[in-house]
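Listed in order, the protein sequences are those of chains A and B. The numbering of the first sequence is the working numbering, which starts it at 1 and goes up by one. The numbering of the second sequence is the working numbering, which starts it at 1 and goes up by one.
What the hints contain is simulated information worked out from the structure, not anything from laboratory work. Glycine included, every Cβ here is placed at the ideal spot set by N, Cα and C. Be a bit skeptical, because a hint or two may be false.
Only pairs whose alpha carbons sit at most 25 angstroms apart, straight line, appear in this in silico DSS-like list of lysine-lysine [what the hints assert, rightly or not]: (1) A/K130 with A/K142; (2) A/K301 with B/K76; (3) A/K14 with B/K117; (4) B/K135 with A/K10; (5) A/K6 with B/K99; (6) B/K76 with B/K41; (7) B/K32 with B/K14; (8) A/K14 with B/K133; (9) A/K6 with B/K187; (10) B/K78 with A/K6; (11) A/K14 with B/K51; (12) B/K99 with A/K10; (13) B/K14 with A/K301; (14) B/K63 with A/K301; (15) B/K133 with A/K10; (16) B/K125 with A/K10; (17) B/K51 with A/K301; (18) B/K135 with A/K14; (19) A/K155 with A/K65; (20) B/K117 with A/K10; (21) A/K87 with A/K155.
What follows is a set of in silico ranges between Cβ atoms, one per label pair, in the way DEER data are often shown [said to hold, decoys possible]: (22) B/I10 with A/K6: 42 to 48 angstroms; (23) A/Y203 with B/L65: 34 to 40 angstroms; (24) B/E29 with A/K6: 39 to 45 angstroms.
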Amino acid sequence: MFILLKRIIKMGWKNFFRNFSLNIATIFIMVVVICLVTLFFLLNPIFKILISDIQEKVDVSIYFKEDTLPEEIFKLKAEISKIPEVKNIDYVSSEQIFNKFKEKYKRDPVLIESLTELGYNPFLPSLNIKVYQASQYEQIVKLLEMNSYKDLIEKVDYYERKPVIEKIFSTINGVNKAIVFLGIIFGIISILIVFNTIRIAIYNSGEEISIMRLIGASNWFIRGPFLVQGFIIGIIASLITFLIFFGICYGFDSKVKSIFYEVSLFNIFLTNMLNLVLLQLLIGIGLGVCSSYIAIRRYLKT
Amino acid sequence: MISVKNISKIYPSKSGKKPIIALDNVSFEIEKKEFVSIVGKSGAGKTTLLKLILAEERPTSGKILFDGLDIYSIKKSKIPVFRQRIGVVFQDYKLFPLKTIYENTAYVMEIMGASDKEIERDVLKVLELVGLKDKIYNFPNELSGGEKQRAALARALVHRPEVILADEPTGNLDPYNTIEIIRLLNKIYELGTTVILATHDKELINMLKKRVITLEAGRVIKDEEKGRFIL
Chain A
1 MFILLKRIIK
11 MGWKNFFRNF
21 SLNIATIFIM
31 VVVICLVTLF
41 FLLNPIFKIL
51 ISDIQEKVDV
61 SIYFKEDTLP
71 EEIFKLKAEI
81 SKIPEVKNID
91 YVSSEQIFNK
101 FKEKYKRDPV
111 LIESLTELGY
121 NPFLPSLNIK
131 VYQASQYEQI
141 VKLLEMNSYK
151 DLIEKVDYYE
161 RKPVIEKIFS
171 TINGVNKAIV
181 FLGIIFGIIS
191 ILIVFNTIRI
201 AIYNSGEEIS
211 IMRLIGASNW
221 FIRGPFLVQG
231 FIIGIIASLI
241 TFLIFFGICY
251 GFDSKVKSIF
261 YEVSLFNIFL
271 TNMLNLVLLQ
281 LLIGIGLGVC
291 SSYIAIRRYL
301 KT
Chain B
1 MISVKNISKI
11 YPSKSGKKPI
21 IALDNVSFEI
31 EKKEFVSIVG
41 KSGAGKTTLL
51 KLILAEERPT
61 SGKILFDGLD
71 IYSIKKSKIP
81 VFRQRIGVVF
91 QDYKLFPLKT
101 IYENTAYVME
111 IMGASDKEIE
121 RDVLKVLELV
131 GLKDKIYNFP
141 NELSGGEKQR
151 AALARALVHR
161 PEVILADEPT
171 GNLDPYNTIE
181 IIRLLNKIYE
191 LGTTVILATH
201 DKELINMLKK
211 RVITLEAGRV
221 IKDEEKGRFI
231 L
């Protein structure tokens, strides 16, 4: 048994080199396929960072009447915090908004002067609320309108921002769905391309396989070297892809950072390296071995 | 050793015309250590008969016994082991193009699980017998037709099979190489192996002066000891 296994591996190894040009072509096709899958694998955390960044920027503010006491606002804040859909709630006093405004427009003397001329702080204290999903904003706003605190509220900016918020969240949902859909489509196309390439390679050996059968080789002895070849092709293709992505993530790290401050390509690569290597090996070896197994089956039917 | 009993093989016609009768109720016996030539025109059923003996195809009716064993009752998984008892030589050599002559010859012994030492010893011996010892590292495309057929013969007999099936082994060869191949087949026979030779080469049969089974349109029309090619 061991001697046969040794011979199968040796034959697969030799066949790989003797069929070098065809195998190199197969390797490069497989590299393209693994690159596509890796790209989707890496885009996922990048999109997650970008999406959560956008989500962080979306909130709804409740503005209170001028004479509302901070204690009353804190009471309402405590009550709203109890609602499970609420992710975060912050109190912003009118002074804080005033200072922030002054800081923001310090280079615009006309604006600052007119604010001083006004003689009082025109900003209202507010609560900024963030929820987990866009659809939950409406529920919370409706809850506030029915609450006993509604007399304290000057306005809720939800209705003004509603279309923008909904658009952002529906775009995010759309992007997520598109990624999954494209992933599936590319996955299927990739599998078909690799399978066909290997099938053509094995088709060239069809006559050889039939001779092997006629002189008494068992199906496993015939199939074995082809599976070994598929295995070698898979390993080499995944290694090449790994090196390509290592180079891309390292080389483009600073460029991507300059566009998306939060995204460090190389960090994402390093954090996911183990999973990435396993995924690439799994796809490479899996595709190589499975395609060879399926492609050779038709030649082994007695 | 081989009993062919009322074998018929009918191929259904794909175009809906009459089915093709390749063999029609053929029966004969081949003893151990016998040299039998099966002759007939193209399409007489020679190759079909060899395919049936090798269990490459199944007959429409009848059976073939190999040492008393009905070869069509052999389980699918055991057919390779059965085929290892037979050595096959084809008209178009059917060598493995990506293997050297040494590897081509060693292949059968490798699948049988022989040790590397045994393989080296026997392969070199048999390649010497067929005069190809100096070509062991060559690939088939570097050999002449006669050399290719000698390599195919070496592959067929290296594992000492009980029977050698040779299907038109000289069909693609010049007269010099034809005589060389027949000389080798004769030698194999003299060393105690049963040889079944399918051919339509008249000169060759008349030169051999051994048993001849003549097929015509799928039927045995003659079976003679020391026969001649008469059609």
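Hint consistency between B/K51 and A/K301 [alpha-carbon to alpha-carbon, up to 25 angstroms]: holds, 16 angstroms
Pair hint B/K76 and B/K41, alpha-carbon separation not exceeding 25 angstroms: Judged against 25 angstroms, a Cα distance of about 33 angstroms means the pair is violated.
Given hint A/K155 paired with A/K87 - CA-CA distance at most 25 angstroms: holds, 21 angstroms
Hinted pair A/K14 and B/K133, Cα distance within 25 angstroms: holds, 22 angstroms
Distance restraint between B/K14 and A/K301, which requires alpha-carbon spacing of 25 angstroms or less: Roughly 21 angstroms separates the two Cα atoms, so the pair holds.
Proposed proximity, A/K142 with A/K130 (alpha carbon, max 25 angstroms): holds, 15 angstroms
Distance restraint between A/K155 and A/K65, which requires alpha-carbon spacing of 25 angstroms or less: holds, 8 angstroms
Distance restraint between B/K125 and A/K10, which requires alpha-carbon spacing of 25 angstroms or less: holds, 24 angstroms
Given pair status - B/K14, B/K32, alpha carbons within 25 angstroms: Between B/K32 and B/K14 the Cα gap is close to 39 angstroms, so the pair fails against 25 angstroms, i.e. violated.
Hint consistency between B/K135 and A/K10 [alpha-carbon to alpha-carbon, up to 25 angstroms]: holds, 22 angstroms
Given pair status - A/K301, B/K63, alpha carbons within 25 angstroms: Holds. B/K63 to A/K301 sits at ~22 angstroms (cutoff 25 angstroms).
Beta-carbon spacing of B/E29 to A/K6 - inside the hinted bounds 39 to 45 angstroms or not: holds, 42 angstroms
In summary, the numbered hints that this structure violates are 6, 7, 9, 11.
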